[in-house]
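Chemist: We have chain A; now place chain B onto it with these hints.
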Amino acid sequence: MEEIWNALGRALSFGTPLLLASLGAVINERAGVVNLGVEGMMAVGALAGFAVAYGSGAGDGNLYFAVAAAAGAGVLASLLHAFAAITLRANQFVSGLALTMIGLGVAGLLGKRFEGFPLFNQAPEWPFTVGVVLLALGLAFVLAYTRLGLVLRSVGENPAAADALGIDVVRVRYLAVAFGGALAGLAGAFLSLAYRPSWTDGMTVGLGWIAVALVIFVGWSPLRAIGGAVFFGLLYYLQFRLQGQSGIPTEFFAAMPYLLVIVVLALAGLRRVQGAAPEALGQPYQRGER
Amino acid sequence: MRLVPDPNPPRLRVLWVSLGAIAVALLIAGAVFAAYGLSPLEAYRTMLQGTLTDWKGLSEVLRRTIPLLLVGAGLTLAFRAQFFNIGAEGQLLMGAIAGGGVALFLPLPPLLSLPAMFLAGVLLGGAWALLAAWLRSRLGVNEILSTLMLNYVAQYVLIYLINGPWKGQNVRGFLYSDEFAPYEQLPTLPGTLVHWPTLLLGVVLALALQVLLTRTTLGYELRVVGENPGAARYAGISVPRVVLVMAIITGGLAGLAGVGEVAGIHHRLLEPAQISLGYGFTAVIVAWLARGNPALVLVTAPLMGIILAGGDLLKISLNMPFRVIDVFSGVMLLCLIASEIFVRNRVRWGRR
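Just so you know, the sequences run in chain order A and B.
Under my numbering, the residue at position 131 of the first sequence is numbered 131, and the numbers go up by one with no gaps.
Numbers given in my numbering equal positions in the second sequence, counted from 1, plus 1000.
Excised from the complex, chain A in its bound form (with noise of 0.2 Å):
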């Protein structure tokens, strides 16, 4: 028994990071931009929330700021792809792309001075697993029942009839990737301040790919994502669980999580998933000439 609650705790902690950063792109999917970039934002949010944690020496900072700075960069970071994707009419797909490959790079450059220093002031995990269903509950009230979230899907769905009602559709978009960067920050942030309070260069391992897989597998709703986060967790756990004590090479684990993303959009594309996704999904919007 005591067995089944420790998996279970610590899938709801391997959960808390995937859940985060899948609601932040639930979110932004939801008003039509597609961010592949959350790998790279959760890399920097890791960053700057240690950098503030760590302050002068091992650990002064203050952890409600590390959080705060963690939620700032990730926030920032995603803003480089809004004004990309949206601004510019980027190819969504690749400009996320780069942006991880922005967002890992400049990480494990300016973290290069604090790696292997351990945190002594660590934060709690318990906060963001609790917030972060709170979060999805709130989501999903606020997408289903309210104004806001009609705003929101409406612009996903169909932004030119949006446009035409009234809707600023680039603002919205605006907000709702920086709304994602911000939750990816604070994924980043639960790992490098919580979950292993430290940094390390490849901390995220993945976690921001299998998010990005997740939102597909959920179907873009955010009360699905914490079963499909507590599923990934759970997974996580057995992993690490079975690495020393069976004869399965310690490669195949490693490659685990990756070959289970592919399984995982394999599955939602069997169950034709993909039709719940948002109508304008991906696509730029330019208002027509009038």
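Hints are not guaranteed to be accurate.
What the hints assert, rightly or not - Below, computed lysine to any residue pairings styled on SDA-like, alpha-carbon distance capped at 25 Å: (1) A:Lys112 to A:Gly206; (2) A:Lys112 to B:Leu1041; (3) B:Lys1315 to A:Val205; (4) B:Lys1315 to B:Ser1039; (5) B:Lys1315 to B:Trp1055; (6) B:Lys1315 to B:Leu1038; (7) A:Lys112 to B:Ser1039; (8) A:Lys112 to B:Tyr1044; (9) B:Lys1315 to A:Gly202; (10) A:Lys112 to B:Leu1277; (11) B:Lys1315 to B:Leu1270; (12) B:Lys1315 to A:Leu110; (13) A:Lys112 to B:Leu1027; (14) A:Lys112 to B:Leu1026; (15) A:Lys112 to A:Ala51; (16) A:Lys112 to B:Ile1316; (17) A:Lys112 to B:Ile1028; (18) A:Lys112 to A:Gln122; (19) A:Lys112 to B:Ser1317; (20) A:Lys112 to A:Ala68; (21) B:Lys1167 to A:Glu251; (22) B:Lys1315 to B:Gln1274; (23) A:Lys112 to B:Pro1040; (24) B:Lys1056 to B:Pro1321; (25) A:Lys112 to B:Gly1278; (26) A:Lys112 to A:Tyr195.
Keep in mind that the hints were calculated from the coordinates and are not lab data.
Modeler: Below, chain B alone, put in the same frame as chain A:
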């Protein structure tokens, strides 16, 4: 300022916009260097002096150009068909694995060895891309995500092999395979790492792909599929078939590049990061700069070769993290695709 759509941009504007995007990218990357605590001027001086002022530097650029040329030429085809293959890195590694496997374990007459290695590399690299293409045609799996994930999988397959069943006899703690026999190694220009047979192959294949794209039925079908899939179906072109053939070509060329790297430079299988310096990702920029023209890759591949060789120098002589290449590639890719709007539109100043 107003933008007026222009479906047929003049070549000169394409050139100027591309150069402008590269200049902006270099400025932004310079700002990142400054934040890291390195003067951008010193960084760029180190890069240029180390690559373009002597034969040793130039040969390093040429060495980096070889895989970029092969992979980039293949990617132009993929992008023409609107198949965003971000997985050339993994396809290259699978090619290296296949070539290495043939070299290490398949007893062949010496004359046949190298051709067999190249063939195996093309097949496995092509299969790796085919998997993603099939997943897209059949199950609608986004190919950017699937090819990217397959990169990681390929890396771990390689690490598993050189850490396990293919680990060399006398390499102690290193993750190496055994060395290839002398007849399984490619000749190089004296005193350099430029394996010229692969270079020659790259030039020939880039030109051949240009002919394929512009002068053959398959090339025509491929362009139609990319520009207007609906029209392609209406014209009786089988879209899945075209995409699958294209995937085999683009993955095959990446696999070929992988064989070239291990047979020409390392003469054994070793860790992924040592076989490829992110060639698959840099080649995306090579192909984008060439705007879908395989022959133009002959110009854009050396250009990115300078960046890769220069980035490598920053790593070695200034002790910077390997992420420096990611910064370059990411910033450059972002600037290039963001500048696309100035290619497809004319800028008019003033109101109407």
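Chemist: Hinted pair, alpha-carbon criterion (25 Å max): Lys1315 (chain B), Leu1270 (chain B). Please report holds or violated.
Modeler: Holds. Lys1315 (chain B) to Leu1270 (chain B) sits at ~20 Å (cutoff 25 Å).
Chemist: Given the proposed pairing of Lys112 (chain A) with Leu1041 (chain B), does the C-alpha separation stay at or below 25 Å?
Modeler: holds, 21 Å
Chemist: Would you mind confirming whether the straight-line C-alpha gap from Lys1315 (chain B) to Leu110 (chain A) stays at or under 25 Å?
Modeler: holds, 14 Å
Chemist: Check whether the Cα positions of Lys112 (chain A) and Ser1039 (chain B) lie no farther apart than 25 Å.
Modeler: holds, 17 Å
Chemist: For the pair supplied as a hint, Lys112 (chain A) and Pro1040 (chain B), is the alpha-carbon distance within the 25 Å limit?
Modeler: holds, 18 Å
Chemist: Lys1056 (chain B) and Pro1321 (chain B) were given as a pair; does the straight-line alpha-carbon distance stay at or below 25 Å?
Modeler: Holds. Lys1056 (chain B) to Pro1321 (chain B) sits at ~23 Å (cutoff 25 Å).
Chemist: Does the structure keep Lys112 (chain A) and Leu1026 (chain B) at a Cα separation of 25 Å or less?
Modeler: holds, 22 Å
Chemist: Is Lys112 (chain A) within 25 Å of Gln122 (chain A), Cα to Cα?
Modeler: Status holds; Cα separation ~20 Å.
Chemist: Do the alpha carbons of Lys1315 (chain B) and Gln1274 (chain B) lie within 25 Å of each other, as the hint requires?
Modeler: Holds: Lys1315 (chain B) and Gln1274 (chain B) sit about 13 Å apart, inside 25 Å.
Chemist: Are the Cα atoms of Lys112 (chain A) and Ile1028 (chain B) separated by 25 Å or less?
Modeler: Given that 25 Å is the threshold and the Cα spacing comes to 19 Å, the pair holds.
Chemist: Quickly compare the C-alpha distance for Lys112 (chain A) and Ser1317 (chain B) to 25 Å and report which way the hint goes.
Modeler: holds, 16 Å
Chemist: Quick one, are Lys112 (chain A) and Gly1278 (chain B) close enough, alpha carbons at most 25 Å?
Modeler: Holds. Lys112 (chain A) to Gly1278 (chain B) sits at ~20 Å (cutoff 25 Å).
Of the numbered hints listed earlier, not one is contradicted by the structure.
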